[in-house]
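Given the coordinates of chain A, work out where chain B with the ligand should sit on it, guided by the hints.
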Amino acid sequence: MQLIPCPWCGPREEVEFHYGGQAHVAYPAESAALSDEEWAKFVFFRDNPRGPFAERWSHAAGCRRWFNAVRDTRSYELLAVYRPDQERPVTT
Amino acid sequence: MTADFRLPRGGRIDRDSALRFTFNGLSLTGRQGDTLASALLANGVHQVTTSIKYGRPRGIMAAGVEEPNALVQVAEPFAEPMLTATTVELYDGLVADGLVGHGRLTDEPDPARYDSKHAHCDVVVVGAGPAGLAAALTAARSGARVVLVDDQNEAGGSLLGTDDYLDDRPSDAWVRDVVAELDATPDVLLLNRTAAFGAYQDGFVLALQRRTDHLGFDAPRHIARHRIWRIRAKQTVIATGAHERPIVFGDNDRPGIMLAGAARTYLHRYGVQVGRRVGVFTTNDSAYVAAIELAEAGVDVPVLIDARHDVPPKLGAECAARGIDVYAGHVVTGTEGRDHLTDVHIGSLTGWHADTVVCDTLLVSGGWNPAVHLFSQLGGALRYAPGLGAYVPGERLPTARAAGSAAGAFEVTTCIEQGAGAGRDAARAAGFSPGVEVAVPVADARAEETPSAVLWSVPGEPNGVFGAEYVPNAPFGSVPDDARFVDLQRDATVSDVLRATGAGLSSLEHVKRYTTIGTAHDQGKTSGLLAAGIVADALGEDLADRRPTTFRPPYTSVPFAALGGRDRGELYDPVRVTALHDWHVAHGAEFEDVGQWKRSRHYPRQGEDMHAAVLRECRAAREGVALMDASTLGKIDVQGPDAAELLDMLYTNMMSTLKVGRIRYGVMCGIDGMVIDDGTVIRLTEDRFLLTTTTGNAAMVLDWVEEWLQTEWPHLRVFATSVTEHWVTVPLVGPRSREVLATLAPDLDVSNDAFGFMTWQDGTVAGIPARVCRISFSGELAYEINVNAWHGLALWEALIEAGEPYGITPYGTETMHVLRAEKGYPIVGQDTDGTVTPQDLGMSWAVSKKKADFIGKRSFARPENLRPDRKHLVGLLPADPTVLLPEGGQIIESDHLPEPPVQCLSPHSPAGLNRAHRVVAQPPVRMLGHVTSSYDSAALGRTFALAVLRSGRERIGEKLYVPIGDQLAAVTVTETVLYDKEGARRDG
Ligand SMILES: [Zn+2]
Chain A
1 MQLIPCPWCG PREEVEFHYG GQAHVAYPAE SAALSDEEWA KFVFFRDNPR
51 GPFAERWSHA AGCRRWFNAV RDTRSYELLA VYRPDQERPV TT
Chain B
93 MTADFRLPRG GRIDRDSALR FTFNGLSLTG RQGDTLASAL LANGVHQVTT
143 SIKYGRPRGI MAAGVEEPNA LVQVAEPFAE PMLTATTVEL YDGLVADGLV
193 GHGRLTDEPD PARYDSKHAH CDVVVVGAGP AGLAAALTAA RSGARVVLVD
243 DQNEAGGSLL GTDDYLDDRP SDAWVRDVVA ELDATPDVLL LNRTAAFGAY
293 QDGFVLALQR RTDHLGFDAP RHIARHRIWR IRAKQTVIAT GAHERPIVFG
343 DNDRPGIMLA GAARTYLHRY GVQVGRRVGV FTTNDSAYVA AIELAEAGVD
393 VPVLIDARHD VPPKLGAECA ARGIDVYAGH VVTGTEGRDH LTDVHIGSLT
443 GWHADTVVCD TLLVSGGWNP AVHLFSQLGG ALRYAPGLGA YVPGERLPTA
493 RAAGSAAGAF EVTTCIEQGA GAGRDAARAA GFSPGVEVAV PVADARAEET
543 PSAVLWSVPG EPNGVFGAEY VPNAPFGSVP DDARFVDLQR DATVSDVLRA
593 TGAGLSSLEH VKRYTTIGTA HDQGKTSGLL AAGIVADALG EDLADRRPTT
643 FRPPYTSVPF AALGGRDRGE LYDPVRVTAL HDWHVAHGAE FEDVGQWKRS
693 RHYPRQGEDM HAAVLRECRA AREGVALMDA STLGKIDVQG PDAAELLDML
743 YTNMMSTLKV GRIRYGVMCG IDGMVIDDGT VIRLTEDRFL LTTTTGNAAM
793 VLDWVEEWLQ TEWPHLRVFA TSVTEHWVTV PLVGPRSREV LATLAPDLDV
843 SNDAFGFMTW QDGTVAGIPA RVCRISFSGE LAYEINVNAW HGLALWEALI
893 EAGEPYGITP YGTETMHVLR AEKGYPIVGQ DTDGTVTPQD LGMSWAVSKK
943 KADFIGKRSF ARPENLRPDR KHLVGLLPAD PTVLLPEGGQ IIESDHLPEP
993 PVQCLSPHSP AGLNRAHRVV AQPPVRMLGH VTSSYDSAAL GRTFALAVLR
1043 SGRERIGEKL YVPIGDQLAA VTVTETVLYD KEGARRDG
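Protein chains in written order, with the numbering used here: chain A, 1 to 92; chain B, 93 to 1080.
No lab work stands behind these hints, which were simulated from the structure alone.
Even for Gly, the Cβ is constructed at its ideal location relative to N, Cα and C.
Just to be clear, a hint being listed does not mean it is correct.
[To be verified] So the derived label-pair ranges between C-beta atoms look like this:
hint: 1; chain 1: B; residue 1: Phe652; chain 2: A; residue 2: Thr92; range: 36 to 44 angstroms
hint: 2; chain 1: A; residue 1: Ser75; chain 2: B; residue 2: Glu529; range: 32 to 40 angstroms
hint: 3; chain 1: B; residue 1: Val534; chain 2: A; residue 2: Trp8; range: 49 to 57 angstroms
Okay, chain A solo, but in the shape it has when bound (with noise of 0.2 angstroms):
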């Protein structure tokens, strides 16, 4: 089991927290424009990648707070987190 490290508690156990898919996916300003195919897309596909990937995460069973997460989707490290208003962190 990991230890993720809640940006408000500090490292916690993960059944502590609640996985929210991928980060950075704003809810669109216009649904209304969009085509059924470009709202398609937003309700139904996200990324997959192998390797780095930016997450949402919330410390459910501790503050219940939000926050985003890059992690390596190899080896599940956790590469960065951060509050959700804040740009995604450069890691390497």
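For chain B with the ligand alone, coordinates are given in the frame of chain A:
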């Protein structure tokens, strides 16, 4: 037939003790310190069971967790299946039987307790053999917090199975010193009888501690029998030792054939000689030591068969001096015996020499496999070491390192050196400077002289080559066509492996699944590498070029009871009860589980079944007055200047236009436009709302609100708080409810003009501050009374008393369901399943057309959601008004059920949509939808149902069918509202 095989001296057993036990019905005696296996061997019992497939007698082959054969079922003191005799510590009164492959779970409840404990440390060391002890002591001396786990009842590891001296003292003196220093060091935890079975990321190690098993009947009940240690360490040292590898030859499975190192362990640790006349078959020097030590103990050792052509000179001379004939360049080609070994056939690898030696025991050593399981579990790459014929850790990991035999070192001083180095490096990596060095003692163990040879399987044809005639000794079962066993527990042979490669399989993972090798309780500890080697030879490949199988947790078996720990029975999941729960219990309520809540389902009176009770409760609600406990409804207090803006996005309805004092029903959808919850929204002030959710979705909806607030619209100034348990909520329902409320709330004008439908007022009810809402989930005049939960019981009892003249009746969730279904009100999660839009439910009226956007809106315009053949919520009336349709029942057009197999066409398949195509000999049955709610109605005097039905609203009036078993119930499709269609009753 038993005899005494206990030697007069030696062993770490208490010779003054006498533990009586029963095995396979035989009354036997062992000593304190024995395992079941050592006690059996001390009594001359080798055979433990018969094999799973061929019924061949099988005995004790090892002395530890790698045992593939000696499976037992413990009967007393508590039934437990699938244990190995080599790991069961003997206690007085033990009753056990050999197990043929499959264990039998008892149907008795397990009276023992199980728990788990967290441990945090800088360095965790797995294994308290020479390497692990040195690692733990070195790390401890540096000041690191150390946890040392070991699966045996005492520290020492491989030293327990030798008579080696360290620094001119028996090795146990060295062990005692190290343990004493560890015990005296603060922040060091040494756990015996604790098997690390899993190593995971971020230094997480799981270990199973068997705390009271060895106490048998004397195990105190208040101590948890097993404990799962959840260890979190900065650094992990893997000092798990090595397992001896057997060699495959004809009839290599007879009782009496065992690993050479195991025989040493039985000799030195338990004072047991494993046989009277013992042969040895080896590919390496270590078994020479076994032969010499047994001979020294007075055992007749006639032969040592060495597959190598070069005999180690000193060890060879020692053997010769003890009368052991060493046959170099020879192999064992077969064996004889029925329930015990009697003869060993040997043959020269190069010449034509063959012979037969009378032996009751044959010790085998094909080399040693480092126990790299935990290292591999951590993702560490393994490297094939050709000199060992085994895998060793093949890379450096940042937070884990192997030491000693687990890293491929087999001399005790090397193990201690490596352990000390690993302990120092681990502590340093965890931030500690090295302390006083651990001195490496001088060992007297015989050194290795000649390199090991690698031999997986004795070459030759199966069955009878070298003149060894195979006599099937199976009392039952089928006879194998090959008796060269690779995996003894799975009864899998060399021929099985070759069948797999012959069928074109080359990946070991595939061969493993094809042959089942390595999938038994022992997970291939003795068989896995043999299979790998045989496969590589068959394919003409080098093991070094092949990928090893992946080791996965658990390393050894872990009882589910231990994993469950305290999380069972009452503690499995929290039970939530309302403030009125005790009243419901006292008044005979039957309960149902809704999520974690206990909700009153109905209140049967004497002699009533649920059906009768629900009809009575429904009648009271429709004709008089009734009340229920709806406190479990989720309640969320939403506050802030932007609360209305947020709710406009979360609900399909417009909430910002709701006036203070008013209530609106609302629907929430996901971004895909599917209904996720519904409830009411009441506006308390301009910037404060109270939301209700369905009972089961309360947490989900709060999470949903938080997710949007935190991740999408953090600029909105809104706070959301769960207040579910702050309130007791009591709907007072029925045409007489107004009179009852008026009695108790003289300061409230409860008339329809002053207190209209979908409004709320604060007031005093029965002297209690209350918020009263005109909400109806039944279609009847109703007041939902909310009070502080502390006053809930007072309110409830006052209502019961005030309603008494009107025959007030408490009702449960079943009646609530009937009442709401009669009105066609859907329940999210029962009548919907995540594929249902508000439009499908006939709730377009709850979907705002004015709002620019809200969650789900754009998806309503997706072509899929505009299909005319979507499933709509409809009512169903069975032709026979006494037939109760099964919820989940499928709806079909056909008036007869075709014989199975029934061809099912999806309505999306092009042919399926064309009616003309359906006229075929075997007509396919289209599933048009299914029944979601089904009840018997007192008000309607008949049964009815709600259902989701393809193009349902266009099918109203159609006759369709619902299969019930092998019968078909005819139904008529109707609108959803079946009672009081004009809504005349809600205002009283
Ligand atoms: Zn947190």
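Hint-by-hint comparison with the structure:
no., hint, result
1, Phe652/B - Thr92/A: 36 to 44 angstroms, "holds, 42 angstroms"
2, Ser75/A - Glu529/B: 32 to 40 angstroms, "holds, 35 angstroms"
3, Val534/B - Trp8/A: 49 to 57 angstroms, "holds, 56 angstroms"
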